[in-house]
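Protein chains in written order, with our numbering: chain Y, 952 to 1234; chain H, 952 to 1234.
These are calculated hints, taken from the structure and not from any lab test.
Worth double-checking, as some hints may not be accurate.
For the chain Y half of the interface with chain H, some residues (derived, Cβ under 8 Å), not all of them [unchecked claim]:
id, residue
1, D966
2, M1056
3, W1060
4, H1062
5, A1066
So the derived label-pair ranges between C-beta atoms look like this [what the hints assert, rightly or not]:
id, chain 1, residue 1, chain 2, residue 2, range
6, Y, P1036, H, L1028, 47 to 55 Å
7, H, R1185, Y, R1092, 17 to 25 Å
8, H, M1056, Y, R1229, 30 to 38 Å
9, Y, N1021, H, R1145, 58 to 66 Å
10, Y, A1016, H, T1071, 56 to 64 Å
11, Y, R1119, H, G1131, 44 to 52 Å
12, H, A1067, Y, V962, 48 to 56 Å
13, H, R1145, Y, G1146, 55 to 63 Å
14, H, N1074, Y, N1021, 33 to 41 Å
Given the structure is predicted, the values throughout are model-derived calculations rather than measurements.
The beta carbon of each residue, even a glycine, is placed where N, CA and C say it ideally should be.
There are 2 protein chains.
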Amino acid sequence: MLTSIGGDWAVRFADARSAALPVTDLAVTRGDAVFETIAFFDGRPQALDQHLDRLAGSARKLDMAEPGRNLWTATILSAVEEHPPWPELSVKVVLARHHEGDDGMVRSWVHVEAAADHSTRRNAGISLATMSRGVTRTAAREAPWLLMGAKTLSYALNMAATREARRRGADEALFLTVEGFVMEGPTSSVMMKRGDKLLTPAPGIGILEGTTQQNAFAYAPSIGFEPVYADIHRGELLTMDAVWMLGSGSLALPVHHIDGAEVSADPGLTRLLNDHLRFGHHA
Amino acid sequence: MLTSIGGDWAVRFADARSAALPVTDLAVTRGDAVFETIAFFDGRPQALDQHLDRLAGSARKLDMAEPGRNLWTATILSAVEEHPPWPELSVKVVLARHHEGDDGMVRSWVHVEAAADHSTRRNAGISLATMSRGVTRTAAREAPWLLMGAKTLSYALNMAATREARRRGADEALFLTVEGFVMEGPTSSVMMKRGDKLLTPAPGIGILEGTTQQNAFAYAPSIGFEPVYADIHRGELLTMDAVWMLGSGSLALPVHHIDGAEVSADPGLTRLLNDHLRFGHHA
């Protein structure tokens, strides 16, 4: 299922197999485009407005115009309706420049597909390999053109880090600043539990603002946890009471090893978080 | 003109307008692909083998299989032959993973088009705006998963830096390490003249090895210049006898201003370099 929105934001429906981009498209040749992946559980979007807010922020970082919120929301919901019902759907929304130099021309597409099955990882957990993201903790503030914190199609580095993690025998990478501060995974946020606190790095460090992490933080006080944005050094990771990687589709994946060393787990809290993230209301 | 090479490296010719990638292709969704742009002047490729060597190096950095050199060369030459003759052609060669998870499946396409006209910039020169690339000068050596020095489709950052340069009233960006060492432009190498030396940063600093810069270096001794790879700090730029940005299609573009300050020029040497780069033999 694909919806294409032209220069005047007209909506067109097409089958994903027939919907295609010319090899000269800037989204292809330059990865000069932004995106969001929105999960639908039992037909209901997870944090739709938060995703569209973040997409708008990414678009601003790339100086791109975007369609109106109502049109985008309606298009996404229509695209999902066109897809056969499925317990977990994944909706990718892309906003892209069309041709080089043609700065005013922007288009968007919405692609709906059955989500990958994360149930095994949600139960059994994953292992992480930490590695440098090559940037200082102030790079994002000092150099906005680096697009740290924008969700662009330029993910070759993220994919290479994931391959490096697998090469080291781990499931996922966890990026650190050059000073050793914890950032994020290539496609997920990190959250930790210490005592009665839930911790995550502040977005100013040059990471994506995680919609799933924000939902977990909004939920935290109701179950007796204080949500805290903090600088967390790599050395502190193994002292945490629990660590999770959070994503829109995967939700909260418990971490059982970091760089080969075991970390504590909290299966009860993991279940509570995932039930909330999956079934809770995140308007 | 597009040539597609499938899993068994079969060659297929198609019109560029009809050749297209599904929106689910990894080249689109992740920019997880590598490329080269090869200039053909009067039907002759500029540094074809050097480009294919660098493409092979990029492919290794991304753990991708590549077609044999002979097949690739033959396909590129055939694709150019299918295109109507033109004084300056630009040939983009892309090597991409097909689908996520499908690590063995790789494909390539070759797209031929009339090159942009760089004659005005070659004569009148360009202005630069320096800006941080956010990385230290040792990042590329310490963290190969950052893909510094690989020519991937993930160019959103490069495009954002170019927009930032234009915002500052300059034509192009010039990246610096966080320590202030000169790196490269978003789509070109930098070369400088000081006395009887031609200078450029060493690739180990995390930049692409410039094929056009390498050709200029190979030519340098024959016109009385010593080619030198060196660490060059931003502060040294204005003291140079001349500065050029080098690209496969643009060749040597003389720089007349850096961050608003005038830099010296050497029109005679610029002409000599461009005549060599355009007409010389670079086998």
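Here's how the hints hold up against the structure:
1. Checking Y/D966 against chain H by beta carbon gives a least distance of about 10 Å; that is not within 8 Å, so the hint is violated.
2. The criterion of a C-beta within 8 Å of any C-beta in chain H is not met by Y/M1056, whose closest approach is roughly 15 Å, and the hint is violated.
3. Annotation: interface hint on Y/W1060 holds; nearest CB of chain H at approximately 6 Å, less than 8 Å.
4. For Y/H1062, the interface hint holds, the least distance from its beta-carbon to any beta-carbon of chain H being 6 Å, beneath 8 Å.
5. Among the interface hints, the one on Y/A1066 is violated; its C-beta lies about 13 Å from the nearest C-beta in chain H, farther than the 8 Å criterion.
6. For the pair Y/P1036 and H/L1028, the supplied restraint of 47 to 55 Å holds, since their beta-carbon distance comes to about 51 Å.
7. Taken as a hint, the range 17 to 25 Å holds for the pair H/R1185 and Y/R1092, whose Cβ atoms sit roughly 20 Å apart.
8. Look at H/M1056 against Y/R1229: about 33 Å separates their beta carbons, and that is inside 30 to 38 Å.
9. Checked against the hint of 58 to 66 Å, the pair Y/N1021 and H/R1145 passes, with Cβ atoms roughly 59 Å apart.
10. The given range of 56 to 64 Å is broken by Y/A1016 and H/T1071, whose C-beta atoms sit roughly 29 Å from each other.
11. Checking the proposed 44 to 52 Å range against Y/R1119 and H/G1131 shows it is violated: the Cβ atoms sit about 33 Å from each other.
12. Taken as a hint, the range 48 to 56 Å is violated for the pair H/A1067 and Y/V962, whose Cβ atoms sit roughly 34 Å apart.
13. H/R1145 and Y/G1146 have their C-beta atoms about 60 Å apart, which keeps the hinted 55 to 63 Å range intact.
14. Against the hinted window of 33 to 41 Å, the Cβ-Cβ separation of H/N1074 and Y/N1021 comes to about 51 Å, which falls outside the hint.
In terms of the numbered hints stated before, the structure departs from hints 1, 2, 5, 10, 11, 12 and 14, listed from lowest to highest.
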